[in-house]
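Asks: I would like the entire structure built from these sequences, with the hints used as guidance.
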Amino acid sequence: MTRPAGYSVYDYGQMITCEPRMSIYAEALRRAVTPGCTVIDLGAAFGVFALLACKYGAGHVIAIEPDPSIELLMPLAKANGVADRITIIRDISTNYTPETKADVIVSDCRGTVSLFQHHIATLADARARLLAPGGTLLPMRDTLKIALANWPETHRGASQPWLRNKFGLDLSAGHSYAANVELKAYLKPRHLRSAPDVLAVLDYRAITEPNIDVPVELTADRDGPIHGLLVWFDAEIAEGLGYSNAPGQPELVYGQMFLPLSGSPRLAEGERIAARVRATLVGNDYIWTWDWQVRDAAGQTRGKPVRQSSFKARLHSPKELANVSNQHVPQLDARMMLDRDCLALVGEGRTLDAIARALQERHPEHLPTYKAALDHAALCLGHYRN
Amino acid sequence: MSDLLHSQWRISDQAIANAVADETVILHLGNGTYYGLDPIGAKLWEALEAGERPAAICPALLDTYDVAPERLEADLRELLEDLAANDLIEPA
Numbered sequence: 000m001t002r003p004a005g006y007s008v009y010d011y012g013q014m015i016t017c018e019p020r021m022s023i024y025a026e027a028l029r030r031a032v033t034p035g036c037t038v039i040d041l042g043a044a045f046g047v048f049a050l051l052a053c054k055y056g057a058g059h060v061i062a063i064e065p066d067p068s069i070e071l072l073m074p075l076a077k078a079n080g081v082a083d084r085i086t087i088i089r090d091i092s093t094n095y096t097p098e099t100k101a102d103v104i105v106s107d108c109r110g111t112v113s114l115f116q117h118h119i120a121t122l123a124d125a126r127a128r129l130l131a132p133g134g135t136l137l138p139m140r141d142t143l144k145i146a147l148a149n150w151p152e153t154h155r156g157a158s159q160p161w162l163r164n165k166f167g168l169d170l171s172a173g174h175s176y177a178a179n180v181e182l183k184a185y186l187k188p189r190h191l192r193s194a195p196d197v198l199a200v201l202d203y204r205a206i207t208e209p210n211i212d213v214p215v216e217l218t219a220d221r222d223g224p225i226h227g228l229l230v231w232f233d234a235e236i237a238e239g240l241g242y243s244n245a246p247g248q249p250e251l252v253y254g255q256m257f258l259p260l261s262g263s264p265r266l267a268e269g270e271r272i273a274a275r276v277r278a279t280l281v282g283n284d285y286i287w288t289w290d291w292q293v294r295d296a297a298g299q300t301r302g303k304p305v306r307q308s309s310f311k312a313r314l315h316s317p318k319e320l321a322n323v324s325n326q327h328v329p330q331l332d333a334r335m336m337l338d339r340d341c342l343a344l345v346g347e348g349r350t351l352d353a354i355a356r357a358l359q360e361r362h363p364e365h366l367p368t369y370k371a372a373l374d375h376a377a378l379c380l381g382h383y384r385n
Numbered sequence: 000m001s002d003l004l005h006s007q008w009r010i011s012d013q014a015i016a017n018a019v020a021d022e023t024v025i026l027h028l029g030n031g032t033y034y035g036l037d038p039i040g041a042k043l044w045e046a047l048e049a050g051e052r053p054a055a056i057c058p059a060l061l062d063t064y065d066v067a068p069e070r071l072e073a074d075l076r077e078l079l080e081d082l083a084a085n086d087l088i089e090p091a
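Just so you know, the sequences run in chain order F and C.
At position 289 of the first sequence the residue is numbered 288 (numbering that gives the first Met the number 0), and the sequence of numbers has no breaks.
At position 17 of the second sequence the residue is numbered 16 (numbering that gives the first Met the number 0), and the sequence of numbers has no breaks.
Since the hints were made in silico from the structure, they are not lab data.
As the structure is a computational prediction, the values presented were derived from the model and not from experiment.
Just so you know, not all the hints are guaranteed correct.
List of simulated lysine-lysine pairs, PhoX-like, C-alpha gap at most 25 Å [stated by the list, open to error]: (1) F:311 - C:42; (2) C:42 - F:165; (3) F:303 - C:42; (4) F:54 - F:77; (5) F:54 - F:100; (6) F:311 - F:183.
Replies: See the structure below:
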């Protein structure tokens with residue numbers, strides 16, 4: 000499981016006050032935890048679910064989190080008198096092998112939507128390896144929903160700076176990138192222009208496939224421009240306990256995901272957007288792709304089909320692109336050579352001091368001082384630290 | 000089989016292209032692999048996206064680049080074969 004860098008303790012505080020999310024999770028934990036049971040808090044951050052599990056009677060709680068935020072848990076556990084019941088694993092959960100399986104696994108590793116980084120694979124692995132037979136997974140299920148949306152502000156934001164500016168500059172080359180940026184939104188019911196459709200049901204008790212590829216057809220409920228597709232999720236943390244980040248519901252930390260429609264097609268009431276929506280995990284992140292076309296009320300296509308993708312929103316330098324192409328032939332450069340030697344020295348069981356001195360001795364042209372060598376070794380090994 | 004340069008091709012629905020400057024990178028959604036295209040490859044891709052036959056871009060490329068027609072056509076055929084073999088394009 001991975002978590003984007005940059006969450007501060009302030010951000011984590013916002014998650015505690017995010018309602019009804021937090022109270023629903025707390026109630027689900029209270030119901031699931033039995034006296035003396037084992038709980039895993041997966042992607043624990045600073046471990047608020049771990050603390051709650053202890054409060055509700057868990058005998059042993061394992062908090063798994065690669066981020067440094069987990070360092071806050073032990074002082075908090077001591078302050079709450081539960082330090083002796085908490086084990087901290089500062090790693091990703093897929094590296095963790097349990098001594099005993101958990102009766103309850105609680106997590107919230109979502110981003111704006113539930114398809115976020117390795118969330119699905121992480122939960123599938125946890126379900127298979129870390130959860131005792133008959134154990135409880137919290138959350139239980141998310142249902143992704145999608146609807147047409149009218150959000151003129153974002154349309155202007157994606158087009159005006161690039162197509163019209165008061166400085167007389169031609170910035171139009173930036174427009175196609177801006178028009179493919181998936182945005183975080185907090186839209187209201189008044190922004191919706193169709194009834195929602197189900198995009199995917201993610202049942203964490205069974206799911207293994209991280210990607211979705213779904214056709215949807217959304218019918219405009221009035222005349223006017225459609226600026227994008229809005230995606231949100233209804234969460235079922237446990238049976239009868241859920242919340243939603245749908246328009247009209249209390250604003251949650253997740254927000255909603257907005258996929259802009261290029262050119263903001265104008266639809267008459269009864270006309271539709273027929274779309275194929277794909278979320279594909281590539282590396283650590285999802286690529287969202289939405290192929291779409293307007294259909295009239297009789298189902299006849301109008302205009303050309305359009306393919307949009309969050310991949311088209313990314314600006315890469317040609318060199319960077321070449322480096323990820325399968326035709327790329329990597330060349331050993333000085334930094335790679337230093338890293339190679341550094342890692343080989345690690346294999347010899349040396350201290351960082353000894354590694355730095357050996358590196359400096361071997362590569363004085365690149366590492367002229369002990370400090371430079373020490374910094375390089377620390378930076379190199381930092382890639383492998385949790 | 001008709002000549003690759005005069006055939007009609009369509010972009011695979013697994014291929015997403017992103018052009019930066021005069022180069023293009025293609026992502027195959029099915030296997031998560033990136034493919035880089037140099038400026039000539041990028042021109043070819045642009046033509047295929049527009050529904051043109053590859054042969055249509057040869058005159059402009061010969062005007063732009065100092066290359067013999069036979070060499071250019073051979074390179075484009077090879078690239079088309081590569082793109083098709085990697086499921087990035089398919090016969091229309």
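Asks: Sort out which numbered hints this structure fails and list those numbers smallest first.
Replies: 2
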